[in-house]
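In the order they appear, the protein sequences are chains A and B. Following this note's numbering, the numbering of the first sequence begins with 609 at its first residue and continues without gaps. Following this note's numbering, the numbering of the second sequence begins with 658 at its first residue and continues without gaps.
Don't take each hint at face value.
The list that follows gives simulated cross-link-like pairs (lysine-lysine, DSSO-like), each with its CA atoms no further than 30 angstroms apart [as the list claims (entries may be wrong)]:
id : chain 1 : residue 1 : chain 2 : residue 2
1  : B       : LYS886    : A       : LYS916
2  : A       : LYS862    : B       : LYS681
3  : A       : LYS711    : B       : LYS681
4  : A       : LYS711    : B       : LYS819
5  : A       : LYS916    : B       : LYS839
6  : B       : LYS763    : A       : LYS711
7  : A       : LYS862    : B       : LYS900
8  : A       : LYS618    : B       : LYS763
9  : A       : LYS699    : B       : LYS809
10 : B       : LYS907    : A       : LYS923
11 : A       : LYS766    : A       : LYS699
12 : A       : LYS892    : B       : LYS886
13 : B       : LYS874    : A       : LYS699
14 : B       : LYS900    : A       : LYS922
15 : A       : LYS759    : B       : LYS689
16 : B       : LYS674    : A       : LYS815
17 : B       : LYS809    : A       : LYS646
18 : B       : LYS819    : A       : LYS815
19 : A       : LYS846    : B       : LYS839
20 : B       : LYS689    : A       : LYS699
21 : B       : LYS809    : A       : LYS846
22 : A       : LYS617    : B       : LYS822
23 : A       : LYS815    : B       : LYS809
24 : A       : LYS892    : B       : LYS710
25 : B       : LYS759    : A       : LYS711
26 : B       : LYS674    : A       : LYS862
Computed, partial: chain B to chain A, Cβ under 7 angstroms [said to hold, decoys possible]:
id : residue
27 : TYR799
28 : SER853
29 : ILE856
Worth flagging that the hints you see were computed from the coordinates, not collected in a lab. Because the structure is a prediction, the values reported are computed rather than measured. Note that beta-carbon positions come from the ideal geometry of N, C-alpha and C, so glycine has one too.
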Amino acid sequence: MVLIYSNNKKLTLEMIAKGRELADEQDGEVIVAMIDEKDENLANEYISHGADKVFLVESGVENFKAEEYTDIMANMVNDVESGPVLIGSNKYGKELASRLAAKLSTGCVIDCTDIYMEDGELTVERMVYNGNAISVERFSGRPGIITVPSKLFDPLKKDEGRSGEVIEKSYDVSSSYSNIAGIEEMPSEGVDVEAANIIVSCGRGFKNREDLHLAEELADALKGKVIGCSRPISADLKWLSEDHWIGLSGHKVKPSLYFAIGISGQIQHIAGIRDSGIIVAINKDPNALIFDSADYGIVGDLYEVLPKLTDAIKKEMD
Amino acid sequence: MNIIVCAKQVVDVREIKIDKQTNKPILKGIGKTISDIDKNAVEEAIKLKEENKDTKVTVLSVAPFDAREQVKELLAMGADEAVLVSPPEEFDYNTVSTLLAKAIEKIGDYDLILCGEASVDLFSGQMGPRIAGLLDIPQITYARAMSIEGDKVRAERDLTDKAVKMESTFPVLITVTKEINKPRLPSLMGILGAASKPIIEWDGSDLLEERMEPGIKSVDLRGVSMERKNVVYGEDPEEGVRKLVISLGKEGLLG
Ligand SMILES: Cc1cc2nc3c(=O)[nH]c(=O)nc-3n(C[C@H](O)[C@H](O)[C@H](O)COP(=O)(O)OP(=O)(O)OC[C@H]3O[C@@H](n4cnc5c(N)ncnc54)[C@H](O)[C@@H]3O)c2cc1C
Ligand SMILES: Cc1cc2nc3c(=O)[nH]c(=O)nc-3n(C[C@H](O)[C@H](O)[C@H](O)COP(=O)(O)OP(=O)(O)OC[C@H]3O[C@@H](n4cnc5c(N)ncnc54)[C@H](O)[C@@H]3O)c2cc1C
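Using the sequences and the hints given, assemble the complete structure.
If you want it as structure tokens, here you go:
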């Protein structure tokens, strides 16, 4: 059995594709858990994309809490004697997977970059040491819990003819004494840096939020239109929403051209841009680390360099 | 109140190079430090100690190597004592979190456990939720702000798409983000004072009732090197821009 859970539909579809492959190797089934989403249409959509069974479960809590969700998942894993458990790797999924692994006293791999069977055992790869290495790790028991980032696998084609079962399940949940006192949606600009071909990225070298227009103008001139940023620009200063955030703890990008502007080039930022084609750095400090990770660099004040560069590129592209 | 901060000794990731012959990261001889965000966790604990009388801050670390020097820095920042636990020969995430939970139970009488959101070298973020799960207490991960009011802790979580305000009674485990504070540098007084603070060492195998088989085994560690051209135009910006545009044109990236 392969068990799959995410609160994100796209990610669930992607994991079903991988789960199908793993299940077929062992003549097992793919079971998708839908917690607090009473949506039979979606359940059937999961089936038409490769799931065998969908379990509909209620947690009894109003919003996601890892404690209660762990109880449900632990019961479910035991109920279906699951082998691999694939959980969507957003912040919800990661804390759930880790707590679940502790409850079941089993192995867990966070943010895998590949999953396969080797020598009959579930094997996973993940990035370690800020992108300097890939660690290959093998489970020696079941269940093996893995969190899967988005866009790693492609969903299977829809097959309306596929049949499966949608089953309502209920499990005992003991409630935790922590409380959610308020939820605020954080604005997202819906930017997809992971799919962008040209990214102009801004760091703390920008003095004010308003100045980011200098980067936008360069992006426009390049017809790239996608702005990225370092962690502090999003997490500390909140000048840009988190969908712009690139690096170890943000998005991993692979554009053909990446501009790092006013970014110092700390290893945690580099971890997100290693797969870029050409990296260009603009920094006023000739000793900035970013130049070690760049193909081309200009030492200079971004306030002077950017307008000139934008003009020159506009002329070139005409 | 008793606060336990879990702090990991890590290799200094900035120093890692790849051995071109073996294609493995060179880890021998690399400096060791306390994982960045764990210093934010210690800072938060010390701030709570300054605001709340009768608070004790214990630093806890499972360390396969001697970590006395590294935890001394945390004592110098203001933590009261440190506990170091040596792991068995073979270990994985499950073993380390079990050792941390067992050590926390042995320290006993804990109210608040603080961890970093994730370690700077392996960055799994598993330990916090695992420890909370093992101790069967609530977990509040990714806290970017927190405060204690009476018998409750309040924290604000950063969940990418949502900011969630949480509250909980004690005991509770909280993992903090880098944004929660700016860790202080130890003062000279702090450094001198740290010399007399206790560092207690426990043997991990004494904490485990039986030998723990790791649930995961490491099969391979492949280096990933990144070669870049490193062409830097240092002269006047006008000239730099001109040359950069020519270079990007040659790369076929303009139009
Ligand atoms: C566990 C962990 C995870 C992390 N994850 C991430 C992550 O995912 N992404 C990320 O980005 N960071 C991450 N960080 C933070 C990272 O270590 C750095 O602190 C961060 O990347 C620095 O951002 P910055 O380069 O914008 O700012 P700074 O380091 O402050 O650099 C600003 C740069 O701008 C230059 N500058 C200043 N003025 C000008 C000017 N007028 N013109 C040109 N240049 C100028 C300066 O010379 C400097 O190099 C993480 C850290 C930790 C510990
Ligand atoms: C197969 C395998 C073999 C391994 N072998 C080794 C090895 O030989 N040597 C080795 O050093 N590591 C080894 N590890 C890694 C070790 O298991 C992890 O470093 C450890 O479990 C912590 O995980 P993490 O680094 O992802 O921390 P995270 O879960 O990302 O850390 C989050 C927070 O938990 C706390 N924390 C994490 N680790 C510790 C700790 N040790 N002490 C106190 N607090 C902590 C900190 O507050 C930290 O900010 C191995 C792992 C695997 C899977």
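Checked hints:
Taking the CA atoms of LYS886(B) and LYS916(A), the gap is about 23 angstroms. The hint holds against a cut of 30 angstroms. Annotation: proposed proximity of LYS862(A) to LYS681(B) holds, straight-line Cα distance about 23 angstroms (limit 30 angstroms). Pair hint LYS711(A) plus LYS681(B) does not hold up; C-alpha atoms about 34 angstroms apart against a cutoff of 30 angstroms. Taken as a hint, the LYS711(A) and LYS819(B) pair is honoured in the structure, with Cα atoms around 27 angstroms apart against an allowance of 30 angstroms.
At roughly 36 angstroms between alpha-carbon atoms, LYS916(A) and LYS839(B) are farther apart than 30 angstroms, so this suggested pair is violated. With a CA separation close to 20 angstroms, the supplied pair LYS763(B) and LYS711(A) stays within the 30 angstroms bound. Restraint check: the Cα-Cα separation between LYS862(A) and LYS900(B) comes to about 24 angstroms, which is no more than 30 angstroms; the hinted pair holds. Under the criterion of a C-alpha separation no larger than 30 angstroms, the hint pairing LYS618(A) with LYS763(B) is inconsistent with the structure, at around 44 angstroms.
For the hint pairing LYS699(A) with LYS809(B), the CA-to-CA distance comes to about 24 angstroms; that is within 30 angstroms, so the pair holds. For a cut-off of 30 angstroms, the pair hint linking LYS907(B) to LYS923(A) stands: about 16 angstroms separates their Cα positions. Between LYS766(A) and LYS699(A) the alpha-carbon distance is near 28 angstroms, which keeps this suggested pair within the 30 angstroms criterion. For the hint linking LYS892(A) to LYS886(B), the alpha-carbon distance of about 19 angstroms falls within 30 angstroms, and the restraint holds.
For the given pair, LYS874(B) sits about 25 angstroms from LYS699(A) by alpha-carbon distance, which is consistent with the 30 angstroms threshold. Between the alpha carbons of LYS900(B) and LYS922(A) the distance comes to roughly 15 angstroms, so the proposed pair stays at or under 30 angstroms and holds. With a C-alpha separation of about 35 angstroms, the suggested pairing of LYS759(A) with LYS689(B) is violated against the 30 angstroms cut-off. Between LYS674(B) and LYS815(A) the alpha-carbon distance is near 33 angstroms, which puts this suggested pair outside the 30 angstroms criterion.
Note on LYS809(B) and LYS646(A): the hinted pairing is violated, with a Cα-Cα distance of about 34 angstroms set against a maximum of 30 angstroms. At most 30 angstroms may separate the alpha-carbon atoms for a hinted pair to count; LYS819(B) and LYS815(A) meet this at roughly 27 angstroms. For the hint pairing LYS846(A) with LYS839(B), the CA-to-CA distance comes to about 17 angstroms; that is within 30 angstroms, so the pair holds. With a C-alpha separation of about 28 angstroms, the suggested pairing of LYS689(B) with LYS699(A) holds against the 30 angstroms cut-off.
Straight-line distance between C-alpha atoms of LYS809(B) and LYS846(A) comes to about 28 angstroms, which keeps the hinted pair within the 30 angstroms bound. Restraint check for LYS617(A) and LYS822(B): satisfied, since their Cα atoms lie roughly 25 angstroms apart, inside the 30 angstroms limit. Note on LYS815(A) and LYS809(B): the hinted pairing is violated, with a Cα-Cα distance of about 39 angstroms set against a maximum of 30 angstroms. Proposed proximity of LYS892(A) and LYS710(B) is contradicted: the alpha carbons are some 47 angstroms apart, above 30 angstroms.
Distance hint between LYS759(B) and LYS711(A) is fulfilled; the C-alpha atoms sit about 14 angstroms from each other, no more than 30 angstroms. Between LYS674(B) and LYS862(A) the alpha-carbon distance is near 22 angstroms, which keeps this suggested pair within the 30 angstroms criterion. Of the supplied interface hints, the one on TYR799(B) holds, with its beta-carbon coming within about 6 angstroms of a beta-carbon of chain A, less than 7 angstroms. A least Cβ separation of about 35 angstroms between SER853(B) and chain A goes past the 7 angstroms threshold, and the interface hint is therefore violated.
Proximity of ILE856(B) to chain A is violated relative to the hint, the smallest CB-CB distance being about 27 angstroms (cut-off 7 angstroms).
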